[in-house]
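Q: Listed here are the chains, written in short residue letters.
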Amino acid sequence: EAGVAQSPRYKIIEKRQSVAFWCNPISGHATLYWYQQILGQGPKLLIQFQNNGVVDDSQLPKDRFSAERLKGVDSTLKIQPAKLEDSAVYLCASSFRAGPDNEQFFGPGTRLTVL
Amino acid sequence: GDSVTQMEGPVTLSEEAFLTINCTYTATGYPSLFWYVQYPGEGLQLLLKATKADDKGSNKGFEATYRKETTSFHLEKGSVQVSDSAVYFCALMARGGSEKLVFGKGTKLTVNP
Chain L
1 EAGVAQSPRY KIIEKRQSVA FWCNPISGHA TLYWYQQILG QGPKLLIQFQ
51 NNGVVDDSQL PKDRFSAERL KGVDSTLKIQ PAKLEDSAVY LCASSFRAGP
101 DNEQFFGPGT RLTVL
Chain Y
1 GDSVTQMEGP VTLSEEAFLT INCTYTATGY PSLFWYVQYP GEGLQLLLKA
51 TKADDKGSNK GFEATYRKET TSFHLEKGSV QVSDSAVYFC ALMARGGSEK
101 LVFGKGTKLT VNP
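As given, the protein sequences belong to chains L and Y, one line each in that order.
Counting along the first sequence from 1, when you hit position 62 you're at 62 in this note's numbering, and nothing is skipped either side.
Counting along the second sequence from 1, when you hit position 99 you're at 99 in this note's numbering, and nothing is skipped either side.
Hints are supplied without guarantee of correctness; some may be wrong.
[Claimed, not checked] Below are the EDC-like pairs computed for lysine to aspartate or glutamate, each with C-alpha atoms no more than 20 Å apart in a straight line:
{"id": "1", "chain 1": "Y", "residue 1": "52", "chain 2": "Y", "residue 2": "63"}
{"id": "2", "chain 1": "L", "residue 1": "44", "chain 2": "Y", "residue 2": "2"}
{"id": "3", "chain 1": "L", "residue 1": "11", "chain 2": "Y", "residue 2": "42"}
{"id": "4", "chain 1": "L", "residue 1": "44", "chain 2": "Y", "residue 2": "63"}
{"id": "5", "chain 1": "L", "residue 1": "62", "chain 2": "L", "residue 2": "85"}
{"id": "6", "chain 1": "Y", "residue 1": "56", "chain 2": "L", "residue 2": "101"}
{"id": "7", "chain 1": "L", "residue 1": "44", "chain 2": "Y", "residue 2": "8"}
{"id": "8", "chain 1": "Y", "residue 1": "105", "chain 2": "L", "residue 2": "86"}
{"id": "9", "chain 1": "Y", "residue 1": "52", "chain 2": "L", "residue 2": "101"}
{"id": "10", "chain 1": "Y", "residue 1": "56", "chain 2": "L", "residue 2": "86"}
{"id": "11", "chain 1": "Y", "residue 1": "52", "chain 2": "L", "residue 2": "103"}
{"id": "12", "chain 1": "Y", "residue 1": "108", "chain 2": "Y", "residue 2": "42"}
{"id": "13", "chain 1": "L", "residue 1": "15", "chain 2": "L", "residue 2": "101"}
{"id": "14", "chain 1": "L", "residue 1": "11", "chain 2": "L", "residue 2": "85"}
{"id": "15", "chain 1": "L", "residue 1": "44", "chain 2": "Y", "residue 2": "99"}
These are calculated hints, taken from the structure and not from any lab test.
Treat the numbers as computed from the prediction; the structure is a model and nothing was measured.
Turn these sequences into a full structure, and let the hints guide you.
A: This is the structure we're talking about:
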């Protein structure tokens with residue numbers, strides 16, 4: 001079974017530029033998550049989708065971050081404009097359904113460096 | 001709000017040593033508790049979990065017991081191997097409402113031969 005795919009793996013941009021990350025979840029997984037992991041910290045949930053609807057985006061900085069889940073499958077996360085503090089690893093995860101009885105499977109992440 | 005506190009790392013052990021990584025949590029109600037592991041160059045993966053008080057999660061020789069009275073979920077392994085070198089994250093998920101994972105900061109473990 002293929003895992004969660006993410007691209008690109010690495011991205012370096014200047015502050016105030018825009019950037020987009022892509023995620024392809026495991027086939028059949030209805031729930032998709034985007035996490036931000038700053039160096040030395042644990043992942044923090046940015047947004048959770050159930051199919052193509054948003055379940056939780058309470059920690060998404062909506063003035064600069066946006067996300068969508070096309071047709072309930074692939075998802076993109078965008079940052080515009082980027083700030084220095086956005087330097088982090090962006091993790092995508094998916095699960096069959098939401099909730100503690102459904103394991104979240106994580107992708108390899110995209111490491112973003114903002115200069 | 002909900003939070004997880006892990007012991008500070010890094011932790012360095014010799015092969016076959018006993019491992020304990022402490023984890024305590026703050027949450028309303030009775031959350032489910034998890035340990036995730038991130039091996040070098042790989043993505044996060046679930047190591048074990050427990051969903052109610054006194055449950056013991058176990059996998060690959062690792063164990064953790066859900067202690068409601070001390071709000072703890074310490075990770076233990078009797079004899080570590082070099083291949084256990086990784087970063088370990090404790091996490092919780094509250095039931096009801098926003099069922100999202102809340103992670104600790106992670107503890108880096110290095111096991112030397």
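Q: For each hint given before, does the structure comply? Return the numbers of the non-compliant ones in rising order.
A: Hints 4, 10, 13 not satisfied by this model.
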